[in-house]
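Q: Now for the letters of each chain:
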Amino acid sequence: MNKTITSNIAGIVFHIDENAFQKLEQYLKNIRNYFSGSEGEEDIVSGIEERIAEMLQAKVKGGKSIITLSEVDEVIAIMGQPEAFDVEEDEDENVQSGTSIPKAKTSKRLFRDADSRIVGGVCSGISHYLGINEPIWLRLAFLLSFIFAGSGLLLYIILWVIIPKALTPSEKLEMKGENVTVENIGKTVNAEMESLRKKWDDSSVGGNQGVRKVGDFVMKALTLIANIVLAFVKFIAKFIGLIFLIVGIFCFMVIAGISLGLPAAVSLSSEGVVTSGAMSGLLINILGGPMNTLFAKIALMLLAGIPLLGIAFLGIKLLFNFRGGSKWVALAGGTLWVIGLVLAMITGGRVATDFASEADETQVISLDFDSVSVDKPIVLALNHDLGENEPTEEFEVMGMELLVADGVLSIYGKPELDITQSTNGKTELVIRRKARGASRQEGNKRAKAIDYGFATTDTSLLLNGFFAIPDADKWRSQEVELELRLAVGATILLTEEMENLIYDVKNVTNTYDSDMIGRRWVMTIDGLACVDCLGLENRNSEETLEEEEEEETVVNRVERKRDEMERRMDEKKRELEEMEREMKLEMDQIKRDLKLKKEKAKSADEQSDSESSTSPREILLKRVVKASYWIDPETFRSITMTALPG
Amino acid sequence: MLEYCILSVIKGNDVYASDILDTLKEAKLIVVEGTLYPLLTRLKNEGLLHYRWEESASGPPRKYYGLTEIGQKFLNELDTTWKELVTAVELTTSKSIKS
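Chains X and G are the protein sequences, given in the same order. For what it's worth, the working numbering labels the leading residue of the first sequence as 112, then goes sequentially. For what it's worth, the working numbering labels the leading residue of the second sequence as 52, then goes sequentially.
Don't take each hint at face value.
Taking beta-carbon pairs under 10 Å as the criterion, some of the chain G residues facing chain X (in silico) [claimed, not checked]:
#1 89
#2 113
#3 119
Hints are computed from structural coordinates only; laboratory data are not their basis. All residues carry an ideal CB built from backbone N, CA and C; glycine is no exception.
Here chain X stands alone, though its shape is the one from the complex (with noise of 0.2 Å):
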């Protein structure tokens, strides 16, 4: 059964079925295109469009309703394909009119060449493409690239997909158009120049109309302008395409290698160069279940493949010109991308609950030591021994440490040491193993599966520095926590190589756990004291000298006060010495008016003597004694000495 279109063909309605229809529009178009830019474009065009409804007319009057796609096939055969119109006419038309009807400027695209294929036609449509006479050369490097873990094949089957095949005459020739290089470009870019030129000497010979022509030669200007960027931006946007391209592809094999386990494609992490295996086997770890991994690899393909296949998509198209299904394709990939989220939220969901409940298991252990004193203590160094096969690869992510040892991924765990007193006066080791399950059950059997252990000597206590999560086992964040308790006056030494062990142990000095290290150390009523710390920077000495300053502040403080005051003082004393000044001048002043009057009493009256000699001692008493108000004893004794003699 096929749909019927009515379709109006120059005025006259006929009924066509779609796939005849679609093929007589693709038809029209060619014609379209291949006189698009002659002159009478559309008087041809219409033309055979006339013509074609004219004989279609016919066949329908023959009896036939309903034009099929036989009927356009025989239109199309008689009427023939646009290339074919002038075939014989093309010198004629040079020599006779000079402007013959200029071919559609096509630029080139990319196809696949299926006239001339092997496979797909892929390598000789990019050759068509790029310029190159033999495909096989481009056959060549991809059956070459199909060596290195078949991303060769991807990428074929991937271009394969994308490039559509050169159906009709006229995308076989934009298929085989003008080469797109950069000296094209620049070839497009000459000729453009030198007719500008000509022009341009044409103008300076009519000379009259100098203003249009300016404006004319600007317009050109400007164009040529607009066609260098153009161009400029049309090979960026190549060697963009190109980046795209690589770096998408480049970047898909990693992911696909990562989720497919491929033994040649290498993933880079933050700790260097992981090989994808052992990242594959640590994801089936992590994940459990054959089906959580499936589910998550699928998931992981799509969810990052996606977007870079897209990004690869975007760069062909970019890079080849290429237009068109980008529709399909992003309906597609958007499609897939989300089945992807979801298969991601199911595992996440399904792994999710195996981390539901934490569960430990503790285990104390008392420890048997011979003579315990400062100078025999008990040295806490690393068990050196795990009896594991010689890894031959170590990686770490995530804090855990992954070994592979023939091939096979083991997950160990750093245990963490803390010292504390003993509350009952024994020395014992503490060993709390935790995990993660799905239930309480789960957990504390996962806690009771690992695998740690530790040797004692008559003076040692010999820690590994691993625990080890066995092999069937999942990762559900199993942790070991040790804690040795120390009865009072017992002493250890902490060998340099517990650094990574012991975690945050607290000291009377609050030194830090890598200042701890190399030392010896009491257990005391108030906690570990350290027994040879000679020198070293003691953390609580250190906040008594922090007080210090703090004390020395207020010194400053009150020495700023004092300088404050001294300040104020001399400002004092000057304002004093001022008025001394004033009041010498004044005692003068008085003293000859006293000699005046002493002079006229005695050439008068020798009775008012006494009276004027006590009254300006007076005066003075009482202005420095108003000045005494605001300065100390010695100062007003050391300023009425000097001011007043006698």
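For chain X, the structure is supplied; the task is to place chain G on it using the hints.
A: Coordinates of chain G only, in the frame set by chain X:
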């Protein structure tokens, strides 16, 4: 040559594109019909042809082509040239057979 034929067909009176096609196809001068339309357009643009619209009984109006004065002159020239050519060719070919 095709142009000569087309002009000759049109010479008598105004004709419709299909009529030209029928004549040309009968003479097996063209293979695909599409060839005609660019030719007609070019001849028209060169001022040798003109066309007019004429209502048709069975559909939309049709284009009827006719010769312009220049077209007539051009055709006459072509006629002469053609006859000369034919004579020349005949002369040459008959001679070569004799010898």
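Q: Grab the minimum C-beta distance from residue 119 of chain G to chain X and call the hint holds if it beats 10 Å, violated otherwise.
A: Given a least distance of 16 Å, the restraint on residue 119 of chain G is violated.
Q: Identify whether the interface hint at residue 89 of chain G stands, where standing means a beta carbon of chain X within less than 10 Å of its own.
A: Holds, because the Cβ-Cβ distance from residue 89 of chain G to chain X comes to roughly 5 Å (cut-off 10 Å).
Q: Min Cβ distance, residue 113 of chain G to chain X: is it shorter than 10 Å?
A: 8 Å, holds
In terms of the numbered hints stated before, the structure departs from hint 3 and from no other.
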